[in-house]
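Assemble the complex: chain E is given as a structure, and chain Z must be docked to it using the hints.
Number of protein chains: 2
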Amino acid sequence: MTETILNRADPSAERPTDSQPLYRQLADQYRRAIGNGVLRPGDRMPSMRAFMQRHGVSLATATESYRVLERAALIDARPRAGYFVRVPPQAALPAAAEPDLALPGAAQFVGIHSAISTLVSTYQRYPHALNLGGATASPDLYPTGALQKAALRALRARPTLLTAAGPDQGDPALRAVIARRALAAGIQIGADDIIMTHGGIEAVNLALRAVTQPGDTVAVESPCFFGLLQALESLGLRALEIPTSPSTGLAIEALAFALHTHPDIKAVVVVPNLQNPLGSVMPDAHKASLVELCARAGIPLIEDDPYRELVDGVQPPRSLKAWDTDGTVIHCTSFNKTLAPGMRVGWINGGRWHPRIGMLKFAQSRHNEQLSQVVLAGFLETSAYERHLRRLRDGLRLQRERMAAAVAASFPDGTRFTPPCGGMFFWIELPREVSSAAFFDAALEDGIRVMPGTVFSNAGRFDHFIRLSCPSTDLDLADEAVRRLGRLAARMAAHAFKR
Amino acid sequence: MTETILNRADPSAERPTDSQPLYRQLADQYRRAIGNGVLRPGDRMPSMRAFMQRHGVSLATATESYRVLERAALIDARPRAGYFVRVPPQAALPAAAEPDLALPGAAQFVGIHSAISTLVSTYQRYPHALNLGGATASPDLYPTGALQKAALRALRARPTLLTAAGPDQGDPALRAVIARRALAAGIQIGADDIIMTHGGIEAVNLALRAVTQPGDTVAVESPCFFGLLQALESLGLRALEIPTSPSTGLAIEALAFALHTHPDIKAVVVVPNLQNPLGSVMPDAHKASLVELCARAGIPLIEDDPYRELVDGVQPPRSLKAWDTDGTVIHCTSFNKTLAPGMRVGWINGGRWHPRIGMLKFAQSRHNEQLSQVVLAGFLETSAYERHLRRLRDGLRLQRERMAAAVAASFPDGTRFTPPCGGMFFWIELPREVSSAAFFDAALEDGIRVMPGTVFSNAGRFDHFIRLSCPSTDLDLADEAVRRLGRLAARMAAHAFKR
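Just so you know, the protein sequences line up as chains E and Z, in that order.
Numbering-wise (full-length UniProt numbering), the first sequence opens with residue 1 and increments by one.
Numbering-wise (full-length UniProt numbering), the second sequence opens with residue 1 and increments by one.
One chain only, chain E, in its complex shape (with noise of 0.2 Å):
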């Protein structure tokens, strides 16, 4: 097995990294390996002197590169008998289920602003609930210090970033870093073909507005993100959940027969990278047949892609504008979830309605303001957001692996969920007995805030489903936590069955 790896651990085959030190490049390469399954877990790695003959490299870099993966929690040391592939402490649970392929039928559906604003009324009662029930990364996992000191250097260089207005579609050097660094998800654009925007939610609220009318349908994932489902009412559009799968994301089938069935559909919206809340990542063959369905029936294809750097592994998976040779596909993206929450920046391509977005974006708000671009751009340019990225990426591993061995431990018998390959979400579904409203509601009174899966659909599908994310890199407060949940859910459960 050993031999594999290293026959397969030849740099040649990757992305060349030459600003990364040996040590690194050797950890990635195994950290590769072990992502990929050809290191299983409970594997035995190389022991050092093996290490260090194979990849000709001195005891000091064997011994950074193996600190590297332990930290990550990738291996573990046995005493006594070397170094071992990590066994995921996570006990077994049934994996969540396929979804049912028939579609319900397009609904305008009112209600999801309402009952967001009960769901946060009743929250704001509890504002010291642990909250499990957020959409980012826990605050110490993003770069607080280096963002700070980056902004300090460009208010110092340029002060005239507050008081003077920018250029319409957004810092210059900014969209121009943005483009380079667009190539790792195999999109190909200039500077000129992006728009920055006010977070994603911009983005995918402008894409909608370029591509339809008021009473149009749009095909959306189910479950669905509550803030598409929202966006989608504010705009007074109808929504066509289409079944997605917690392991492959949308099922391309459904769409196919939907888009055939249902000719009032004017765009398509999909998360391809960690769905949310499912937490699916499409292959990449799901990815070109979708682009390529939605280009042969000329619908627009709104790609919301605000995760995919917080996809497992050295390097993330490609966007569906990757698959993209004529426009079909507008592709949303944003800094929120991956860097700096509190900067509100994103951008768009706008594919073949760029310019129609071009215009909306300056009749709606204007351009972004000026210092937060600024930062960004400075902070784009360093190596220090990929390092920024593999620590987040190893954080949330360590939350989500933990987080499942209680879920696993603790959650009563009829609970199934699919630990996803990235990002903070946890998709649960609980025995049928449970209503997850009246979980919301018990788990508030018990101190710990979660997401009821009624606000993921229009058609009231995830009654008992919740979505719990990672709330802190304390890990023994999250792992509290979540069996808290478990007994409660336990009691829920027990409970609905005597009566």
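These are calculated hints, taken from the structure and not from any lab test.
Be aware that one or more of the hints could be misleading.
Cβ-to-Cβ under 7 Å is the rule here; a few derived chain E residues that face chain Z [as the list claims (entries may be wrong)]:
#1 Leu59
#2 Thr61
#3 Leu162
#4 Met359
Quick list of simulated restraints, FRET-style, between CB atoms [stated by the list, open to error]:
#5 Lys149/E x Thr382/Z: 24 to 34 Å
#6 Lys149/E x Arg71/Z: 38 to 48 Å
#7 Arg153/Z x Thr122/E: 47 to 57 Å
#8 Ala288/E x Gly327/Z: 47 to 57 Å
#9 Asp192/E x Asp413/Z: 21 to 31 Å
#10 Gln188/Z x Thr325/E: 55 to 65 Å
#11 His128/E x Ala459/Z: 55 to 65 Å
#12 Arg391/E x Pro172/Z: 44 to 54 Å
#13 Val120/Z x Gly313/E: 54 to 64 Å
#14 Pro214/E x Tyr126/Z: 32 to 42 Å
#15 Glu292/Z x Pro214/E: 28 to 38 Å
#16 Gly460/E x Gln188/Z: 38 to 48 Å
#17 His128/E x Asp192/Z: 18 to 28 Å
#18 Ala288/E x Leu152/Z: 31 to 41 Å
Counterexamples of contact, computed for chain E against chain Z with all Cβ distances above 10 Å [as the list claims (entries may be wrong)]:
#19 Met48
#20 Arg352
#21 Pro431
Just so it is clear, the structure is predicted and the values come from calculations on it, not from any experiment.
Don't be surprised by glycine CBs; every beta carbon is placed ideally from N, CA and C.
Same frame as chain E, now just chain Z:
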């Protein structure tokens, strides 16, 4: 005359401003008297001795008061004769014409975006042209250094501003200080009645989205800020242009007639203070009538009020919202014109549509980024903002006076305009024979950018108007540019006459 002033100058008649030094309070009393016309151009000011006696102040205080008035170009020293109220260096030019009160039909114009795009792509070919077509003051009139320092302080004190998500409605401290300051505009609201927005334009968009459906008609001023026409176009709304006076703003009788004859009007949008481009300020009685008219008709009145604090005088006029008793008025404003064009901070009070506007803002772009809000909150808490506003108003008045003189001296017969009592815009009617589109092109060739009247209407009413804005605190530069424009207009008028 002087006695009259002294009687009127009783500080108890005005809102006390104890935070200001005495010399400033006295200067403000005289500034107000000059603004009111109580002291007229050419009137003699009291002698220093008389001033000291009458106000019971020292020579130093008296000297300082006069120095403030002299720097603000309100009084002139004449050798061996004393101080006199300044005669503005403005030759006679016919005042702008009052509007024809006939209404055009409501039009869903779908060309304003492309007209603006053509304009933009044309002037982008002349990047070095002097910009008299802009909509913010000269950069050196904004408090760059003070805001920079405030931002550095905020970043050091609160490093997580960039990485932690903020509250939905905006920073609570900023909303609290805005609510306190709104009292000066006659607006009584609390911090919770305010939602921070990305500039005033997002606020106006949200207001329109809250109260209209695509296809509805919105009554607007004529001429109308082209940004509003763009917003209407992008939202699929029709514009009904209501005649608007260069001196008193929207013609209320014409609006009353329109509401009677066009039952499909779903909103009215008005810039009551320093209308863009006219520069008119509605008299209080008109403001009261307008609010009452809309309240009686049950039509939401959207107030776009970014220029209020740029009106000359000690105490800026009140907002329409001051007369609102039942939530009919949606108040929109920003700090883009008065303080910091680069920060893109605006706010909205949605009147009786406030909850719906809150939902739309959340669905469209979530909360504003944090840093700008915290910087503004700190700045607005101090007296620095008031000091800055005085300096900004004084600087703009000097520029307007010099430009008005240059217009009067150099533009051909048939030119008409009314100098506004604040702000940065001149709305100039050229001789009938001069097309503003041709004038725009010819001026660019000559190195000067202006705004042609064609984009201020959907109904093609202002083809021989231009909007000029104050380009620079270098008065000679602006003077020379305006004189070149005048000679150009004269040549074009003569050429048209010869044909």
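Cross-check of the supplied hints:
Look at Leu59/E: its Cβ only gets to about 38 Å from chain Z, farther than 7 Å, so that hint breaks. Given the 7 Å rule on beta carbons, the hint for Thr61/E is violated: about 33 Å separates it from the nearest Cβ of chain Z. Given the 7 Å rule on beta carbons, the hint for Leu162/E holds: about 5 Å separates it from the nearest Cβ of chain Z. Nearest Cβ of chain Z to the Cβ of Met359/E: about 5 Å, under the 7 Å cut. The hint holds.
Between Lys149/E and Thr382/Z the CB atoms are about 27 Å apart, so this pair conforms to the stated range of 24 to 34 Å. Distance hint for Lys149/E and Arg71/Z: a CB-CB separation of about 41 Å, consistent with the stated range 38 to 48 Å. The hinted range of 47 to 57 Å is not satisfied by Arg153/Z and Thr122/E, whose Cβ atoms lie roughly 37 Å apart. In this structure, Ala288/E and Gly327/Z meet the distance hint of 47 to 57 Å, their C-beta atoms being roughly 53 Å apart.
The hinted window of 21 to 31 Å between Asp192/E and Asp413/Z is violated, with their beta carbons roughly 46 Å apart. For the pair Gln188/Z and Thr325/E, the supplied restraint of 55 to 65 Å holds, since their beta-carbon distance comes to about 58 Å. Checked against the hint of 55 to 65 Å, the pair His128/E and Ala459/Z passes, with Cβ atoms roughly 58 Å apart. Look at Arg391/E against Pro172/Z: about 32 Å separates their beta carbons, and that is not inside 44 to 54 Å.
Between Val120/Z and Gly313/E the C-beta distance comes to about 44 Å, which lies outside the given range of 54 to 64 Å. Between Pro214/E and Tyr126/Z, the C-beta spacing of about 40 Å keeps the proposed range 32 to 42 Å intact. For Glu292/Z and Pro214/E, the hinted distance range of 28 to 38 Å is satisfied, since their beta carbons lie about 33 Å from each other. Roughly 43 Å separates the CB atoms of Gly460/E and Gln188/Z, a value that falls within the hinted 38 to 48 Å.
At about 21 Å, the CB distance of His128/E to Asp192/Z agrees with the hint of 18 to 28 Å. Between Ala288/E and Leu152/Z the Cβ separation comes to about 49 Å, which falls outside the hinted range of 31 to 41 Å. Non-interface status of Met48/E relative to chain Z is upheld: no Cβ of that chain comes within 10 Å, the nearest being about 38 Å off. Against the 10 Å criterion, Arg352/E stays outside the reach of chain Z, whose nearest CB is about 17 Å from its own CB.
Every beta carbon of chain Z lies more than 10 Å from that of Pro431/E, the smallest distance being close to 33 Å; the non-interface claim holds.
Hint violations for this structure: numbers 1, 2, 7, 9, 12, 13 and 18, all remaining hints satisfied.
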